[in-house]
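Going down the list, the sequences are from chains A and B. Be aware that the first sequence starts at 0, since it is given in numbering that gives the first Met the number 0, and climbs by one per residue. Be aware that the second sequence starts at 0, since it is given in numbering that gives the first Met the number 0, and climbs by one per residue.
Treat the hints as calculated values from the structure; they're not laboratory data. Warning: the hint list may mix true and false statements.
Okay, the calculated bits of chain B under chain A, using three or more residues with CB under 8 Å as the criterion [claimed, not checked]: (1) 21 to 28; (2) 53 to 67.
Using C-beta positions, here's what the derived DEER-type ranges look like [unchecked claim]: (3) B:D63 x A:R247: 54 to 62 Å; (4) B:S43 x A:R247: 48 to 56 Å; (5) B:E74 x A:L48: 26 to 34 Å; (6) A:S29 x B:L44: 53 to 61 Å; (7) A:G148 x B:Y57: 45 to 53 Å; (8) A:D100 x B:L44: 48 to 56 Å.
Even glycine gets a Cβ: it sits at the ideal position worked out from N, Cα and C.
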Amino acid sequence: MNSNGAPHRVVITGIGSVSSLGVGARPMWSNMMDSVCGIRPTRVSSGGLEAIFPAAQVSGYDPLDHFTADELVWRDPYAQYAVVAAREAMADAGLKAGDGDPSELAVILGSGGGGEHAREDAFVRLLVDRKLRANPVLVPKTNLQASVGFISIEFGATGPSFIVSTGCAAATHAVAQAFLVVRHGHARRAITGGSEAPVMLSVLQAFQAAQVLSTTTCRPFSRDRDGMTLAEGAGMVVIESLESARERGAHIYAELAGVGMSADAQSSVHPAEQGPAQALRIALDSAHIRPEEVAYINAHGTGTKINDRVETAAVKMAFGDHARKLAISSTKSMHGHAFGGVGGIELVATLLAMENDVAPPTINYLGEDDDCDLDYVPNEPQPRRIETAISQSFAFGGLNAVVVLKRDIEL
Amino acid sequence: MNELEEVVSSVDEQIYQAIRKVKPSLQAIPLAAETRFENLGLESLERAIVVFELEDAYGCSILDENLDTFETIAEAREVVLMLLGRKQKQAEGAT
Numbered sequence: 000m001n002s003n004g005a006p007h008r009v010v011i012t013g014i015g016s017v018s019s020l021g022v023g024a025r026p027m028w029s030n031m032m033d034s035v036c037g038i039r040p041t042r043v044s045s046g047g048l049e050a051i052f053p054a055a056q057v058s059g060y061d062p063l064d065h066f067t068a069d070e071l072v073w074r075d076p077y078a079q080y081a082v083v084a085a086r087e088a089m090a091d092a093g094l095k096a097g098d099g100d101p102s103e104l105a106v107i108l109g110s111g112g113g114g115e116h117a118r119e120d121a122f123v124r125l126l127v128d129r130k131l132r133a134n135p136v137l138v139p140k141t142n143l144q145a146s147v148g149f150i151s152i153e154f155g156a157t158g159p160s161f162i163v164s165t166g167c168a169a170a171t172h173a174v175a176q177a178f179l180v181v182r183h184g185h186a187r188r189a190i191t192g193g194s195e196a197p198v199m200l201s202v203l204q205a206f207q208a209a210q211v212l213s214t215t216t217c218r219p220f221s222r223d224r225d226g227m228t229l230a231e232g233a234g235m236v237v238i239e240s241l242e243s244a245r246e247r248g249a250h251i252y253a254e255l256a257g258v259g260m261s262a263d264a265q266s267s268v269h270p271a272e273q274g275p276a277q278a279l280r281i282a283l284d285s286a287h288i289r290p291e292e293v294a295y296i297n298a299h300g301t302g303t304k305i306n307d308r309v310e311t312a313a314v315k316m317a318f319g320d321h322a323r324k325l326a327i328s329s330t331k332s333m334h335g336h337a338f339g340g341v342g343g344i345e346l347v348a349t350l351l352a353m354e355n356d357v358a359p360p361t362i363n364y365l366g367e368d369d370d371c372d373l374d375y376v377p378n379e380p381q382p383r384r385i386e387t388a389i390s391q392s393f394a395f396g397g398l399n400a401v402v403v404l405k406r407d408i409e410l
Numbered sequence: 000m001n002e003l004e005e006v007v008s009s010v011d012e013q014i015y016q017a018i019r020k021v022k023p024s025l026q027a028i029p030l031a032a033e034t035r036f037e038n039l040g041l042e043s044l045e046r047a048i049v050v051f052e053l054e055d056a057y058g059c060s061i062l063d064e065n066l067d068t069f070e071t072i073a074e075a076r077e078v079v080l081m082l083l084g085r086k087q088k089q090a091e092g093a094t
């Protein structure tokens with residue numbers, strides 16, 4: 000509670016990202032403004048097998064630019080990306096290790112799979128090469144919470160720290176948890192977001208078998224869309240109580256004004272519009288924002304037939320007539336789908352959209368689809384005033400998370 | 000260098016490689032037979048990885064026989080040589 004006995008207002012004071020659009024939030028944004036696509040034909044091989052899929056690997060990234068060789072023995076790519084993005088977000092917030100009470104800094108991240116590269120290597124070693132023993136570093140490298148541990152150690156954060164694993168919605172769920180932790184005074188600040196590194200043969204084949212992968216590229220909400228494209232990366236923000244940010248004169252990107260979470264309770268794979276619509280309504284209610292105030296939605300927009308149809312229906316259900324006035328884009332068309340990290344990347348993109356008053360585009364868009372008839376910001380960025388925005392993520396199992404951002408903190 | 004000396008030198012080199020794979024920063028530090036593992040700043044799990052790498056290199060099991068208690072590189076070499084000798088005897092017995 001703040002000095003008035005009310006829950007704390009929560010603001011975002013730092014951003015960081017690693018993606019196929021570059022290392023750093025600003026390079027990513029610059030590429031988004033140029034409608035650059037980070038998705039490319041990507042050769043993956045393992046256990047003597049090889050295949051080519053459209054996918055989005057991190058560009059311009061050399062691990063040794065960021066870590067010592069000793070550190071890399073322990074850090075799978077998903078954990079590396081998390082740390083690099085967290086460093087950027089903390090520096091952007093004007094914070095460094097040791098600033099403030101360490102017990103007041105939380106680290107709450109999302110990841111769907113943890114150290115997938117090490118896991119695939121171990122499969123090959125044990126099941127293909129038939130070696131009897133696994134590398135002792137396998138567990139510390141593959142566990143889902145390794146990213147949280149590395150960041151808490153690096154910044155000396157001893158506050159509430161944990162991983163959230165809800166697949167494609169993990170980072171957004173993590174941000175929602177961090178919001179609650181700061182709002183209710185369990186920590187003054189949090190590093191939150193998510194990371195993922197699933198571009199490898201076994202994961203790509205699993206998603207191909209599930210018939211959700213595109214064979215071409217990611218073209219959300221477009222006619223002739225044929226699926227998602229996997230990606231690697233991380234997106235992180237620093238959030239803190241409004242009092243904390245004001246005390247230290249920090250730059251405030253936006254207020255994290257509310258969150259909404261829900262489950263469809265319908266199908267383990269097929270989304271239903273009621274669940275996301277419910278999460279949207281709860282998020283708006285908790286932010287005390289009317290639907291008509293929202294200008295931009297960074298959509299989940301995977302590029303699968305069903306997601307984009309259902310997401311469009313959910314937005315209509317939650318926003319009514321205002322749905323047609325919204326700018327809705329899926330930046331996955333540019334940076335791909337980094338599962339448990341992508342909500343973080345999209346949150347960063349949303350904050351930069353607000354900062355610049357520009358909706359980033361949905362690229363690879365070929366034209367309207369019968370099921371998708373809203374304004375998806377096709378192919379080119381769209382200048383427009385964005386005071387209030389939403390970033391939303393939906394996962395297999397019908398698990399939904401929505402965050403609402405508001406620029407004017409005086410209101 | 001006689002045959003035994005060559006084997007000893009090769010095993011020592013393999014141990015150095017295993018240590019430097021686990022902790023690449025030790026590349027710059029001279030290693031010798033008398034080097035003690037406790038002086039290399041290896042955590043217990045890093046030490047376990049050295050054992051793992053040696054097992055992999057020689058196709059033998061150090062851990063299953065509780066032979067991972069060596070304190071110096073020379074002692075680790077003795078364990079590897081003993082296991083290699085045993086493996087050779089078993090191969091000869093089989094033929």
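Looking at the structure, which of the earlier hints fail to hold? 4, 5, 6, 7, 8
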